[in-house]
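Let chain P serve as the given structure and place chain V on it in line with the hints.
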Amino acid sequence: MRRPIRISFVVVALGFLLGAPPAFSVRWDCPEDLDGDGIRDIDIPGVECRHLAAGDGMVTMGDGSHMYIFGFADVTDQPLDNIVASGTLGANFSAPTITVKEGDILYLTVTNVGMALRPDLFDAHSVHWHGFPNAAAVFDGLPDASIAVRMGASLSYFYKVVTPGTFMYHCHVEVVEHMQMGMLGNLYVRPAQDDNITLRNLGTARFPGAPAFAGFAYNDNDASTGYDNAFVLQIAAFDPAFHNQSEEVQPLPFAAMDDRYPMLNGRGYPDTVNPDPIVTAPLDGVTPSQRLSSLITASPGQRILLRISSLSTTSFHTLESGGIPMRVVGRDAALLRGPSLDNGITPGIDLSYDANSVTVGGGQSTDVLLQIPQIPFVVPGETTYFLYVRELEHMNNDKDRFGGMMTEIRVQ
Amino acid sequence: MTAFTRTRNRQGGKGMDRPMKRWTLALLGIAVSALLWNPAATAAISGVKGDTFFLDATTGFIDTGEGNRVPFWGFADGQTGQVQYPGPTLIVTEGQPVTVTLRNWLPEPVSLVFGGQDNVVAPAGQRGLIAAEARTGGGTVTYHFTPARPGTYYYHSATNMDTQLVMGLFGALIVRPAGYNAADNTTWRAYNDNASRYTREFLFLVSEMDDRFNTAVETGQPLDTTTFFPVYWFINGRNAPDTMSPDRVPYLPTQPYGAMAMMHPGDNVLVRIVNMGVDPHPFHTHGNHVRIIARDGRLRSTNEGVAGADLSELAFSVTTAPGRTVDAIFQWTGKDLGWDIYGDPAVNGHTCVDRGDGFDNTTVEWCVDHGKAFPVVLPNLEDLDFGPFWSGSPFMGETGVLPVGVTRFNFTGGYFMMWHSHNEKELTNNDVFPGGFMTFMDVEPPWIAIPEVP
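So the protein lines, in turn, are chains P and V. Plus 25 on top of the position in the first sequence (first one is 1) and you've got this note's numbering. Plus 1123 on top of the position in the second sequence (first one is 1) and you've got this note's numbering.
Isolated chain V, as found in the complex:
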């Protein structure tokens, strides 16, 4: 782990210089997309699909959560030329040969390795220490491999890794099972086993950055990787609050991937976690445990396809270690709250008919709790602080009265669960709280449409 020996002299702290404008933008993005079903906020994993890819390694700048700009090295999808952090998520299919051509515009050679992939060959290109390299000045190298197993993987540069990885030369690699059909949700599985079936999926690629190091690279200063001291923590290349903005917002041109998750009660959510940073993080999922079904692209099973994820385990804080991936299933139903999640049936008219597993088929209400009164008296409004994702009501799908002046971005009565690093220090952007490694899972009422996975 990093030695925390360096003292930083930076201003920050409570209240004074919080980037409220950015928060407002991000939160408004959520509110607007929740209201208008903005397809940009789709509950899908954005990326480049296919079997032939072109990546340009080049330079750019990212915008951090508190409003800084930091230089980085990244990959651009050759089709668009837009460099991005992290690199394009490559979405491929089990058993189908993949070709990736890398072209290098950086001042030093660059190469690629593909985590978890066997028999990667690069017939041309300059020989490097670990992998075939693309020369500077537009040199190219082409890699060929055939993904043997479905799962969650990554790719990154294998040249000067202590520099090039922390500069941003990495991306996620998702291998779909051979039988996957985007149009048929009965085929949606992470692995060739029904224990990995899902109704929604989200990717959380985490990383961190020491902006001093990036600036030193950019300006040609001597580099010292022993003093690496991250002050920015990212999910999908963004710091909170930008993690909650939709994919491909115009004000974050080099950071196209959001990390806002949405679901309905009862959904089977596949959570793909990739750590491309240098430190381990405990990734805490408010709302419920996850079931860890796979690590490093291997289903936790004694007999994949037959035994299910019989070696899987539950966790409320998932260890995400550098260079490793985790696949987990998250579910949330509100079961056993002990009170009616939709409120008094006489006021908020609703019924509950046990469909066989204790839940109502339409509302996914836990029928045992149907009609049970809310158990405590909530304080007077003047005795409370309100979060922007508080609907004003404890009941799902209901909003309530809030004092004048209170900001509210929850107009549908969803339950927002923070998903974040439990190294709480990492919930900051360069000494400014809040920010960093943090996003939300928004559990929306069943009747509120969420864009489907394409």
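Just chain P, with the same shape it has in the complex:
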């Protein structure tokens, strides 16, 4: 399955980019960068700056094969005059996770570094914060209705973050292609309630010696979404034929799109439980291509928040938790609670529910709490629970059976 990367192509493309640089318009809007060199100089409370490079790269599938992708790399605090060089062929899958807090201002800059392995392409890129409430066209990233940034230039998005929850982001240019090719990432907003010490301390009443809650999924006012540890899980899948056709500069199979590498956070099992970054040789042999593990670790009695989202381009998926029931508390970046009928004086009706599985379609998110049992051990030491896709044909890495969209919850 392992296919050689055409290094000569890379070298030629890099030579083109580095040897004869056009007039780059690389810049970013960030109030924390006082001298405009791309590196933050001060920390302003409530202001976040992130810089993403949009381009291409290679990743490793669960069966060891390599896959050509389009994607984003985190180049925050990289000198602006080095963004194109450092971002080229640096695409990560999943894209860098973006985390902000309710009340923050986020300046998110995307610099288009071009697709080095596809020098025939001149595609623009964008960032679509999927689900952003009351979005304005200019910062929605929708190429049809706004602007997208060309190669060698930067576009800064501005978000006043007022809604907590589990969102996601992706490039919206040539969206079927760019999303199937991998320009997908986790994005979530922590609630202002995380600062409420009284509610956090309610966690200590759970059992003797219990800690305060580390945070909350939403502003629930009753600590019902409190958690000790939180993890993101993003569903996505690749069609190898589509990626290979792209790499080989052939017509893309839209109608025949058939996902054969189902993944969580950009990896197929067993890579999902590898706690370390994955490096895809032989690009530079150093820079990780897949940084985000999906291994869920917990200790007895803990409450775990899973921020589950899907950016599948083809189908719905059902994730089942074997052994540990799910408490579904949020959906699509909203607390599962009916509307308050008196402007918030009386809370809305609790719509959260217990389940063993959740079904998530592309562009949907679900927040799930896992209550780890106090005495979880079948045998002393460590007990492993599994979280896996019920569409069993997606429990594979292409022809390698038993892998794909699955991860482990290790209680120790």
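Rather than coming from a laboratory, the hints here were simulated on the basis of the structure. Be aware that one or more of the hints could be misleading.
[Claimed, not checked] Dumping the calculated DSSO-like pairs for lysine-lysine here, alpha-carbon to alpha-carbon at most 27 Å:
1) Lys185(P) with Lys126(P)
2) Lys126(P) with Lys1495(V)
3) Lys1495(V) with Lys185(P)
[Said to hold, decoys possible] Pairwise CB distance ranges, derived in the manner of DEER restraints:
4) Asn1308(V) with Pro144(P): 56 to 62 Å
5) Pro313(P) with Trp1570(V): 51 to 57 Å
6) Gly369(P) with Trp1570(V): 30 to 36 Å
7) Glu273(P) with Thr1203(V): 47 to 53 Å
8) Arg1320(V) with Asp375(P): 24 to 30 Å
9) Arg1320(V) with Ala230(P): 39 to 45 Å
10) Trp1570(V) with Asp106(P): 44 to 50 Å
11) Val1529(V) with Asp375(P): 46 to 52 Å
12) Ala110(P) with Lys1495(V): 32 to 38 Å
13) Leu1501(V) with Gly71(P): 21 to 27 Å
14) Thr223(P) with Asn1317(V): 34 to 40 Å
15) Leu1501(V) with Leu59(P): 20 to 26 Å
16) Asp247(P) with Ala1339(V): 55 to 61 Å
Every value quoted in this text rests on a predicted model; they were computed, and no experiment measured them. Glycine included, each C-beta is placed from N, C-alpha and C at the ideal position.
For chain V alone, coordinates are given in the frame of chain P:
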């Protein structure tokens, strides 16, 4: 769900054979209607109103978004005889007896079932497995029912459903509350509860098609429904970009219903979603969440009329499952952008007076953000690609300078929000991107007139 086992050998892909002419036509339609208040683009739900309906089941052809023609079976409104995909939207009233007479010109028996309706009777007609049927060769059958509840429903054939539904024998059924008066917008509710009040309403009936299957039916080939593999996805019977064309455009005679939505900031938009296909779709609304207030014609309420939609929930991608309907409320105001949506007041003269809820009564501006400067420097024009719905300015109601040669269909400074299936593969027409299950919600500045719901 469908097994994606079939490999299709079709040409397509980037750039080469995009149906630019069709896009241009559709986009021009929007631009022209936005400029001239063309009543054909009215923000209403087109359909047949009343209590007595005549439907002819017959054959026709549809035009797909990339320029193909596909045979289909559909219903024609007996008054016009024009077969259409989907069938005529029947708009009836709660509590008023409804009579539907079906006449059949297809080569096999046809029948009707009405989703969510109780006690449907058909005194005459040929007995079928599920419902009374109309014989071939012009046979008729008449159905009687009295809609007990308002809401969003559907009708479709109940004969050989795996063939007849995917061929197009379906349509939407909207039951208005008994107190509905089209001339009095204070009576505009989807249900008998003020949580379902709206100022505009739109219907999105979604479906999909495998043109090989339709061709096999048309040419009398053996049918195999196990290999059904859709390559076309529709809203109101059209693929993008035709979804954005006005209702009843002459170049789409069998597809009279558009799916272009328009609103003003602050509007209360009722979104009626009906899935008459075979697959579920995540329906993503750019711009804002929707609040799902009803499913299958049932308000999400512990006590309809008293408690409001107290069991409703928010969603940014609505699950639309086959045979199910969803009613949702969409609002968009631009609240909390963090910058003045109308630009610098010294340049674009405007004021903001809090009417009590934080918004200006005329401009629906969020006054907290009034006068706040636009927060970032936009790139130079040569560093950008521009979409045809980009006005050239980030500010509502303003247009800006665009490079020579850039196509622009937004002359009023509206914000266009794409509403589409987030199974992104479905944004294609028979292997050609873009197209398929996609349309737009156009948020127009308050002073730009949008045709009202009749």
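We went through each hint and held it up to the structure:
Proximity of Lys185(P) to Lys126(P) is assessed by CA-CA distance (about 10 Å); at most 27 Å being required, the pair is judged to hold. For a cut-off of 27 Å, the pair hint linking Lys126(P) to Lys1495(V) stands: about 22 Å separates their Cα positions. Proposed proximity of Lys1495(V) and Lys185(P) is supported: the alpha carbons are some 12 Å apart, at most 27 Å. Separation of Asn1308(V) from Pro144(P) is about 57 Å and conforms to the stated range, judged on CB atoms against 56 to 62 Å.
In this structure the supplied range 51 to 57 Å holds for Pro313(P) paired with Trp1570(V), their Cβ-Cβ distance being about 52 Å. Restraint check, Gly369(P) to Trp1570(V): a C-beta distance of roughly 33 Å satisfies the suggested window 30 to 36 Å. In this structure the supplied range 47 to 53 Å holds for Glu273(P) paired with Thr1203(V), their Cβ-Cβ distance being about 51 Å. Between Arg1320(V) and Asp375(P) the beta carbons are some 25 Å apart, a value that agrees with the proposed interval 24 to 30 Å.
For Arg1320(V) paired with Ala230(P), a C-beta distance near 43 Å keeps the hint of 39 to 45 Å intact. Range check, Trp1570(V) to Asp106(P): about 46 Å between beta-carbon atoms, so the 44 to 50 Å window is met. About 51 Å separates the C-beta atoms of Val1529(V) and Asp375(P), a value consistent with the hinted range of 46 to 52 Å. Hint check: Ala110(P) to Lys1495(V), Cβ distance near 36 Å, so the stated range 32 to 38 Å holds.
The supplied range of 21 to 27 Å is met by Leu1501(V) and Gly71(P), whose beta-carbon atoms lie about 23 Å from each other. Against the hinted window of 34 to 40 Å, the Cβ-Cβ separation of Thr223(P) and Asn1317(V) comes to about 36 Å, which satisfies the hint. Leu1501(V) and Leu59(P) have their C-beta atoms about 21 Å apart, which keeps the hinted 20 to 26 Å range intact. The hinted window of 55 to 61 Å between Asp247(P) and Ala1339(V) holds, with their beta carbons roughly 58 Å apart.
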